[in-house]
Every structure is written in structure tokens, then in C-alpha cells.
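*Asks:* As a plain string of letters, each chain reads:
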Amino acid sequence: MRPPAPKTSAYSQQEPRPENLLLLASPRAAKLSLGCPLLDRLLSGGLPAASVTEIAGESAAGKTQLCLQLALLAPLSPHPSSSLFLCSDVPFPLRRLRLLAPKSRPDLLDHVLVAAVHSPSDLLSLLSRAQYHLSHPSRSPHPLPIRVILLDSIASLFRADFDASPADLKRRSGLFFKISAKLKELAHRHQCVVVVTNQVVDVVEGNTGNTVAWSSGRQVSPALGLAWANCVNTRLFLTREVDSNGGSARRHMKVAFAPHLPVRTCEFVIRRDGVFGVEPAQRLYTDTGMVSKRFGDLSEYREAKPCANHITVAVTTPSCSRNSPLTLYWIKSSSDVIELNMC
Amino acid sequence: MNCNSTASHSFKYVTGAQNAWDMLSEEQSQKHITTGSGDLNGILGGGIHCKEVTEIGGVPGIGKTQLGIQLAINVQIPVDYGGLGGKAIYIDTEGSFMVERVYQIAEGCISDIMEYFPCHHDKSSSGQENLQPESFLAGIYYFRICSYTEQIAVINYLEKFLGEHKDVRIVIIDSVTFHFRQDFDDLALRTRVLSGLSLKLMKLSKSYNLAVVLLNQVTTKFTEGSFQLTLALVTASRQHLRRGWMLARKISFPSRIADSDSWSHSCTNRLILYWKGNERCAYLDKSPSLPVASTPYAVTSKGVRDAGSSSCKRVRVM
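Top line first, the protein sequences correspond to chains A and B.
Positions 1 to 343 (this note's numbering) are the ones given, in order, by the first sequence.
Positions 344 to 661 (this note's numbering) are the ones given, in order, by the second sequence.
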């Protein structure tokens with residue numbers, strides 16, 4: 001049997017020509033910001049276009065939250081664009097998306113195209129249809145071109161229908177490469193930012209060559225094994241570190257591997273208005289006086305960490321000291337301090 | 344005299360034939376492409392050799408692409424500074440070639456050249472002008488391909504391209520097997536296509552005096568009751584596992600691949616990159632002239648360098 005010929009008809013196959021790297025550099029460098037300067041610094045500017053980025057992490061690690069945030073940031077980026085949110089974990093977290101969207105900009109939701117995918121074949125057919133829209137932006141009903149593709153999550157597509165038998169594992173990894181090749185093709189041809197989330201599995205066997213990290217006291221690896229690890233360009237790992245008192249969890253985003261980034265980590269928090277990085281071990285600077293004055297009468301602050309445009313303050317307030325002594329507050333401007341006093 | 348002329352005459356009969364002595368002296372005078380790490384060059388016998396095919400395998404994140412980019416930059420080090428002053432062809436099947444990283448590695452390479460040749464740099468202002476990261480970027484012919492048909496097309500086209508660009512001294516394919524790991528039902532056909540490609544590359548490397556570097560993924564294989572890592576699409580008929588290696592590494596990697604296999608046949612050298620704890624290591628698995636050896640190396644912000652020169656170990660477990 002002949003292998004199925006890939007559909008390259010849309011892109012006429014002429015003599016291959018090398019691309020000019022000097023010309024490539026500028027549009028390629030256009031990265032999608034994560035909406036937080038600290039996280040952008042971790043990724044040296046944001047998520048790269050023409051590349052597949054995986055966000056792996058256990059449940060409630062903040063994967064979906066991050067995807068929703070990216071979907072809302074896409075229309076606000078220097079190259080305004082729509083995002084295609086492929087959702088395999090039903091139902092789509094519409095309420096969270098609405099909460100995340102700034103109240104002043106309800107129109108941002110118009111630029112998030114949501115599609116449910118239930119199986120690998122479903123995904124492949126959907127991507128082919130997306131390819132049509134991407135290559136004919138004028139015919140697309142959406143005013144902004146799609147430049148962000150989010151798939152949440154790849155692992156749940158493969159939860160059913162696959163055994164651990166060698167034949168099924170082979171079929172599965174064949175599908176990984178097919179999906180990955182398709183995503184990479186779309187990413188390359190249309191300069192899309194592609195984000196795929198992945199779940200984690202406990203590490204049972206010794207070192208199998210896959211990424212390993214500690215999260216919530218368990219040693220975990222991204223799901224789908226080494227075969228899938230070969231399919232992504234960049235892997236980000238979201239981990240949680242549970243405190244001894246079990247109260248607050250410290251979250252970290254780690255660059256597990258990336259062609260353009262060193263292995264490094266940034267702490268982050270999930271707030272009602274999104275995912276934000278936390279500056280490592282730095283004390284309050286300019287606004288310190290004001291903050292401490294404000295907190296002086298109410299409570300005492302334990303730790304204050306500045307992030308480019310806001311400050312995290314961990315405080316102990318009399319009202320909430322019984323249950324959780326540690327509360328995180330975010331201060332962006334001096335007016336927030338007064339608001340903080342109210343609560 | 345007479346005898347001599349007939350000898351030279353008979354050489355001409357078989358065009359391109361050389362005697363072993365000429366080949367040896369030519370090989371000794373040949374410059375190699377430095378990997379950026381002295382230790383790595385050491386186990387490779389000076390660096391990546393021209394006229395040879397070198398396969399480099401390893402798990403994701405080990406630094407295959409980094410090494411590929413490094414070689415694409417290092418091949419361009421001017422002859423004045425001990426390099427080859429050639430150009431590179433980079434065939435990217437995976438999309439991991441990031442221009443910003445290439446720029447960084449080029450800058451790292453230039454700063455190292457300036458460090459090693461301070462007087463050179465003072466004397467020849469013209470040479471200094473040449474050393475710009477942009478000119479290194481311009482010296483890489485980059486092909487981004489999105490399917491195996493394109494990959495076959497590009498490799499078939501290489502002959503013509505190399506004919507027009509005689510200064511190309513290295514061809515890098517990152518990675519050679521990615522598009523062949525999709526739903527290829529006919530495994531025999533896949534093997535035929537792949538070995539056809541590598542044969543073609545081997546021929547090109549000989550006729551154009553260039554190095555061919557094939558980056559390859561590794562895959563998990565379930566054999567003899569345990570998971571092992573092997574290079575993708577190497578269908579080993581019999582595997583000689585290195586016992587001591589297994590014990591030292593606790594995983595059976597690298598497993599020796601049977602030479603009867605057609606794909607492994609087509610690579611002259613095979614370098615395997617792996618993690619040893621938090622340290623990156625390289626292991627020369629197969630070479631016609633060099634002993635099997637291993638060495639640590641590092642990937643720094645400047646590119647591939649010797650391990651121990653800086654604190655660039657990966658923290659694997661947080």
C-alpha cells in the first residue's frame with residue numbers, strides 16, 4: 001500500500017528555495033505575550049510563533065487558565081488576531097473566560113473561536129478545515145485572522161480507544177506525529193502560535209528519558225510518553241509545591257526544554273484576573289513605605305514581592321487569621337491600597 | 344618513468360580513484376568542523392568530518408538542535424581563524440530552528456574568536472568587519488519542510504543546489520525521521536525510502552566534500568521485558584546491549600544497534616547524547632576509525648561548550 005499523499009495542493013510544490021534568515025528574523029520574533037512581564041521574561045518575550053509549545057501540568061495547575069488568558073490576549077497583541085480554542089475537556093470553561101475578560105472589553109470574546117474535539121480523527125479533520133480558513137482569511141467570517149491555536153488538552157483525546165498493547169501504542173504514536181506535523185505546518189505557514197496542554201502521569205518506572213518534575217509531592221512526567229515529547233518544540237511544566245502546613249501552594253512555571261531558552265523557572269500565582277509571575281525573593285522597593293503604613297494599623301505584612309506593575313503582599317489580617325493566616329493581595333496602584341483596607 | 348605513466352594512466356581509467364596513501368594524507372590535511380566543545384571534538388577525532396555522515400540522537404531537550412545550529416555557525420568560521428569558511432544547509436523538519444537562538448550562538452562564536460585571536464582582530468580590520476552575526480545568518484541556507492514528500496524533494500534537489508553553491512560544507516537535517524514516524528503503513532517502503540535518502544546524502548557528502556549531520560529522535564521500545572531507548576526507525580534485528588553501560592546508567596541506553604540494519608549501515612558515525620544525572624553527555628557509538636568513547640558537554644547561552652566551564656547543569660528535579 002502506498003502511503004497517503006499529504007495534501008500539499010494548496011501550496012504549490014515548486015523547486016524548494018532556502019528562506020532568508022535575516023528576513024525571517026523580524027516577523028518570527030513576534031511573540032505572543034502572556035500578559036505578565038515576569039512570565040514574558042521567563043519566555044524571553046512570550047510564546048514564539050511558528051512553533052508548538054506544550055504546557056504540561058497536573059489538574060488545577062493553571063493550564064486551562066493560561067490558555068484562556070492567551071485567547072483573550074491575542075486580539076490585544078501587536079498583531080491583533082483571533083484564537084482558535086480546541087477543547088477536548090468538556091465543557092468549555094465559558095464562565096472563567098468571561099471572568100477573565102476585562103469588563104471594559106466584552107468584545108474580546110468575539111475573537112475566541114471555540115470548537116469541541118472528541119477524538120484524534122476529529123482533531124485532524126478540524127485542523128484541515130482550519131487550514132482552509134487560515135489560507136483564505138478574506139473568506140473567513142471573522143474580522144481578525146487566526147494566529148493562535150490552543151488545544152486543551154491533547155492527553156484527553158487519547159484517554160479512550162487505546163490499549164497498552166504494542167499495536168495500539170504504535171497506532172497512537174503514529175497519530176501523535178500526524179497531529180504534530182499538522183500543527184507545525186499550520187504554525188509555520190501562517191505564523192501561528194500553537195499551544196497544546198498536556199496532563200501528567202506518575203513516574204512508575206525509572207528514567208525513561210522523559211521530563212520529570214515534582215508536583216504536589218508526586219514525581220510526575222507529562223502524559224503520552226517520549227513519543228509525544230518528540231512532537232513539541234517547547235515544553236513548559238507547571239508544578240505545585242505544597243507547603244508543610246498544607247495551606248498555600250507555590251506554583252512554578254518551568255521551561256523543561258526549548259530550542260531558544262535555557263532551563264529556568266519562574267514562580268507564579270493564579271488570581272481571579274489571570275496568571276501572573278512572582279518576582280523571586282525581592283523586597284518591596286519604592287512603594288514600601290506606603291504599603292507598610294497602610295498595613296500597619298490593620299495587620300502585619302509578611303512578605304511583599306514587586307512584579308513590574310503590581311506588588312504582591314502576603315498579610316495576616318485579624319479577620320482571616322483563623323482559617324488561613326496567609327492571604328495574598330495584589331496592589332497595582334495606590335488606590336488599591338484603600339480598597340485593600342476595606343476587605 | 345614508463346611504469347609511472349601507466350600507473351597514472353590506469354588511475355585515470357577509474358575516475359576519482361585514489362590510493363590509500365593519498366586518502367590518508369588528504370584526511371590528515373582535512374580540517375574538521377568544531378562542535379564548540381573541546382572534549383566533544385576529542386572523541387570525534389577533531390570534530391565533525393567532511394565526506395562523512397554523522398548521526399546524532401538523543402531525547403528531547405538534550406541539545407540535538409543546539410548542536411545542529413552550532414555546527415551551522417562553526418562551519419562558517421573564517422579560514423584565518425582556523426575554520427573552514429564554508430556555508431551550511433539546514434533542513435528543518437520540526438520547526439525547532441529559532442533565529443533568535445542562531446543569532447545568540449553566532450554572537451557567542453564571534454566573541455570566542457575575538458578572545459582566541461586578539462592580535463588578529465587588531466591587525467586585520469577587514470576580517471573583523473566580516474564577523475557579524477548577520478553574515479553568519481546569511482551563510483545558512485535554511486529549508487523548512489512540512490511533510491516527507493517535501494523532505495524527499497529537498498534532498499533530491501540538493502544535488503543541483505550544491506552544484507550552484509560549491510562553498511557549502513555541511514548539510515544538517517533536523518530531524519531526519521520526524522515525518523516518517525506518521526502513519527506509514529508500509530514499513531518496508533519506509534525503510535527503502537529512508538535508506539535511499541541516506542545513500543543519496545552519503546554520495547553527496549563524498550562528491551562535494553561536505554559533512555552530513557542527521558539529527559534523530561529516540562523512541563521507547565519494549566523488548567526483553569523492559570523499556571529501552573533506541574534511535575527512531577532503527578529496526579534492530581539483534582541488539583547487543585552494553586552491559587557495563589546499562590549498569591552505570593540504569594537504563595539500557597544506548598543499545599548497540601545491529602550493523603546488518605540498512606539504516607544504521609548508511610551512517611558512518613553515530614553520536615548519542617544522553618543525560619547522566621544532571622550532566623549532558625555524548626557517546627560515540629559507532630565510527631569506522633575512532634574508539635567508542637564518551638564525554639560530558641554543556642549547552643550554554645553561547646552554545647555548545649565544554650562541561651565544567653560554567654554552571655550550566657540542568658536541574659531536573661525541582
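Hint data in this document are derived by calculation from the structure and do not stem from the laboratory.
Worth double-checking, as some hints may not be accurate.
[What the hints assert, rightly or not] Using 30 Å as the maximum straight-line C-alpha spacing, the simulated DSSO-like pairs for lysine-lysine come out as follows:
(1) B:K546 with B:K619
(2) B:K629 with B:K430
(3) B:K546 with B:K645
(4) B:K543 with A:K31
(5) B:K394 with A:K170
(6) B:K549 with A:K170
(7) B:K503 with A:K31
(8) B:K430 with B:K645
(9) B:K619 with B:K430
(10) A:K170 with B:K619
(11) B:K543 with B:K619
(12) B:K394 with B:K629
(13) B:K549 with B:K374
(14) B:K509 with B:K546
*Asks:* The structure should be examined with respect to each hint, and the outcome stated for every one.
*Replies:* Taking the hints in turn, this is what the structure says about them:
At most 30 Å may separate the alpha-carbon atoms for a hinted pair to count; B:K546 and B:K619 exceed this at roughly 35 Å. Only pairs whose Cα atoms come within 30 Å are accepted, and B:K629 paired with B:K430 is accepted, the gap being roughly 27 Å. Using a Cα cut-off of 30 Å, the hinted pair B:K546 and B:K645 is violated, with the two alpha carbons roughly 33 Å apart. Restraint check: the Cα-Cα separation between B:K543 and A:K31 comes to about 38 Å, which exceeds 30 Å; the hinted pair is violated.
The straight-line distance between the Cα atoms of B:K394 and A:K170 is roughly 36 Å, outside the 30 Å bound, and the hint therefore fails. Restraint check: the Cα-Cα separation between B:K549 and A:K170 comes to about 36 Å, which exceeds 30 Å; the hinted pair is violated. The straight-line distance between the Cα atoms of B:K503 and A:K31 is roughly 36 Å, outside the 30 Å bound, and the hint therefore fails. Proximity of B:K430 to B:K645 is assessed by CA-CA distance (about 20 Å); at most 30 Å being required, the pair is judged to hold.
Among the hinted pairs, B:K619 with B:K430 is inconsistent with the structure: their alpha-carbon atoms are about 33 Å apart, more than 30 Å. Using a Cα cut-off of 30 Å, the hinted pair A:K170 and B:K619 holds, with the two alpha carbons roughly 28 Å apart. Annotation: proposed proximity of B:K543 to B:K619 is violated, straight-line Cα distance about 35 Å (limit 30 Å). Straight-line distance between C-alpha atoms of B:K394 and B:K629 comes to about 16 Å, which keeps the hinted pair within the 30 Å bound.
Pair hint B:K549 plus B:K374 holds up; C-alpha atoms about 15 Å apart against a cutoff of 30 Å. For the hint linking B:K509 to B:K546, the alpha-carbon distance of about 15 Å falls within 30 Å, and the restraint holds.
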